[in-house]
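Counting the sequence shown from 1 gives a position; my numbering is that position plus 1163.
One should not assume that every hint holds.
Straight-line alpha carbon distances no greater than 25 Å define the calculated BS3-like cross-link-like pairs of lysine-lysine that follow [as the list claims (entries may be wrong)]:
1) K1309 - K1436
2) K1205 - K1356
3) K1309 - K1462
4) K1309 - K1265
5) K1231 - K1280
6) K1205 - K1472
7) K1205 - K1231
8) K1205 - K1177
9) K1200 - K1280
10) K1298 - K1224
11) K1298 - K1280
12) K1439 - K1462
13) K1337 - K1472
14) K1356 - K1337
15) K1280 - K1309
16) K1420 - K1462
17) K1439 - K1200
18) K1420 - K1224
19) K1484 - K1472
20) K1484 - K1447
21) K1317 - K1337
22) K1309 - K1484
23) K1200 - K1231
24) K1280 - K1177
25) K1420 - K1177
26) K1356 - K1403
27) K1298 - K1205
28) K1420 - K1205
29) K1298 - K1309
30) K1472 - K1462
31) K1205 - K1309
32) K1205 - K1462
DEER-style ranges, computed between Cβ atoms [to be verified]:
33) F1459 - V1364: 50 to 58 Å
34) D1394 - L1487: 23 to 31 Å
35) N1429 - E1239: 33 to 41 Å
By construction, these hints were calculated from the structure, which means they are not laboratory data. This structure is a prediction, so every number in the text was calculated from the model and none was measured. Built from N, CA and C at the ideal position, the CB exists for glycine as well.
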Amino acid sequence: MTSFRTEINIKPIKQQLDLNARVLTAGSCFAEVMGNKVAAYKINSLVNPFGTIFNPLSLIKLLSAALKPESEFNGELLERDGLWYAYDLHSSFTAASAEILKANIQDRLVQTHEFLKNTNLLILTLGTAVGYIHKATNLLVANCHKIPQQQFQKELISTAAITNAFADFFMELKALNPNITVLLTVSPVRHLKETLELNSVSKSILRVATHEINRQFPEVQYFPAYELMLDDLRDYRFYKADMLHPTEVAEAYIWQKFSQAYFNQNFQNFVAKWNKIQQALAHKPFQPESAAHQQFLQKLLIQLDELAKVTDCTAEIQQVKSMLL
């Protein structure tokens, strides 16, 4: 029978990861989605350490700074409504003084550096090639922090600028951690604030850049999250009400494709068990004191004790014990 969709089948990598892997995700909001999925299955992970960063040059700038944490952060700061922000970082990085903000950023750079030294997989999710130049400083910013729009110049970041910045970063990264695998993705989230036409141009630039990076550095991999959303699922029912972000169903589909390609069978077996554990933990009994429910909790505790041999289940075990009579 004729197939009525174009399903993307992703070839598993040769050395798939297991439950003991270390994964860092960084970039757009979709990096947070993927990172939270990884973390939910007990993978040692660092998720978007600098907050949501949409453009690739700002992302690479921060990761490059994390490779050299001994160098003091000297990014441009601003004060608004009694709080300080950094143009290079997400608005979640804020403090009552410039000194405290700089110290917090420096701490995060050090934390990221230490994690990168032993990371197995670095996932970089590129959101947009549209950049904003702060007119007063002529510097590209990661976040405008609600400063009036007229203080910024909107520009498209070139493919060459992205590939050149990545090349420099990648060489330094491999010097720090020769065994790390870098995985690039283009976010499937649509940036319609920039108009649908400019969003298409922007995503095209990112896709060409990732293709060129893979050509220059064959060991750098590409995961087709963007193509899975647009060409595989290809339906508005897989977008949330804002028509921008993938639904949970779409996110789960993309995650499944990713995990099957990048994680081994032992991890898949753990995921199957852990999903059942999570369903059991979410169960709301009508009669918590009943003998049947208490027996259910005892069985659940035995299952958690078994899984605790391979991963940290302390929080879940404590949760179950708190419900036992």
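Now for the hints, and whether the structure bears them out:
Between K1309 and K1436, the direct Cα distance comes to roughly 45 Å. Violation of the 25 Å bound is thereby established for this hinted pair. Restraint check: the Cα-Cα separation between K1205 and K1356 comes to about 35 Å, which exceeds 25 Å; the hinted pair is violated. Between K1309 and K1462 the CA atoms are separated by roughly 52 Å; this puts the pair beyond 25 Å, and the hint is violated. Only pairs whose Cα atoms come within 25 Å are accepted, and K1309 paired with K1265 is accepted, the gap being roughly 20 Å.
For the given pair, K1231 sits about 12 Å from K1280 by alpha-carbon distance, which is consistent with the 25 Å threshold. For the proposed pair K1205 and K1472, the alpha carbon gap of about 13 Å is at most 25 Å, so the pair holds. Among the hinted pairs, K1205 with K1231 is inconsistent with the structure: their alpha-carbon atoms are about 29 Å apart, more than 25 Å. Annotation: proposed proximity of K1205 to K1177 holds, straight-line Cα distance about 22 Å (limit 25 Å).
A C-alpha spacing of about 22 Å is found between K1200 and K1280, which places the hinted pair at or below 25 Å, so the restraint holds. Note on K1298 and K1224: the hinted pairing holds, with a Cα-Cα distance of about 19 Å set against a maximum of 25 Å. Between the alpha carbons of K1298 and K1280 the distance comes to roughly 36 Å, so the proposed pair goes past 25 Å and is violated. As the CA atoms of K1439 and K1462 are separated by approximately 12 Å, the hinted pair is consistent with the 25 Å bound.
Taking the CA atoms of K1337 and K1472, the gap is near 33 Å; set against the 25 Å cutoff, the hint is violated. Proposed proximity of K1356 and K1337 is contradicted: the alpha carbons are some 36 Å apart, above 25 Å. For the hint pairing K1280 with K1309, the CA-to-CA distance comes to about 35 Å; that exceeds 25 Å, so the pair is violated. For the proposed pair K1420 and K1462, the alpha carbon gap of about 32 Å is over 25 Å, so the pair is violated.
Only pairs whose Cα atoms come within 25 Å are accepted, and K1439 paired with K1200 is accepted, the gap being roughly 16 Å. Distance hint between K1420 and K1224 is unfulfilled; the C-alpha atoms sit about 30 Å from each other, more than 25 Å. Distance check on the hinted pair: K1484 and K1472 sit about 18 Å apart at the alpha-carbon level, within 25 Å; holds. For the hint pairing K1484 with K1447, the CA-to-CA distance comes to about 15 Å; that is within 25 Å, so the pair holds.
Pair hint K1317 plus K1337 does not hold up; C-alpha atoms about 33 Å apart against a cutoff of 25 Å. Between the alpha carbons of K1309 and K1484 the distance comes to roughly 47 Å, so the proposed pair goes past 25 Å and is violated. Restraint check for K1200 and K1231: not satisfied, since their Cα atoms lie roughly 29 Å apart, outside the 25 Å limit. This hinted pair checks out: K1280 and K1177 have alpha carbons roughly 22 Å apart, not beyond 25 Å.
Between K1420 and K1177, the direct Cα distance comes to roughly 16 Å. Compliance with the 25 Å bound is thereby established for this hinted pair. With a C-alpha separation of about 16 Å, the suggested pairing of K1356 with K1403 holds against the 25 Å cut-off. For a cut-off of 25 Å, the pair hint linking K1298 to K1205 is broken: about 44 Å separates their Cα positions. Between K1420 and K1205 the CA atoms are separated by roughly 18 Å; this keeps the pair inside 25 Å, and the hint holds.
Proximity of K1298 to K1309 is assessed by CA-CA distance (about 15 Å); at most 25 Å being required, the pair is judged to hold. A distance of roughly 16 Å separates the Cα atoms of K1472 and K1462; the hinted pair therefore holds under the 25 Å criterion. For the proposed pair K1205 and K1309, the alpha carbon gap of about 36 Å is over 25 Å, so the pair is violated. Straight-line distance between C-alpha atoms of K1205 and K1462 comes to about 21 Å, which keeps the hinted pair within the 25 Å bound.
The supplied range of 50 to 58 Å is met by F1459 and V1364, whose beta-carbon atoms lie about 55 Å from each other. Between D1394 and L1487 the beta carbons are some 50 Å apart, a value that contradicts the proposed interval 23 to 31 Å. Between N1429 and E1239 the C-beta distance comes to about 47 Å, which lies outside the given range of 33 to 41 Å.
The structure fails hints 1, 2, 3, 7, 11, 13, 14, 15, 16, 18, 21, 22, 23, 27, 31, 34 and 35 (numbered hints given earlier, in ascending order).
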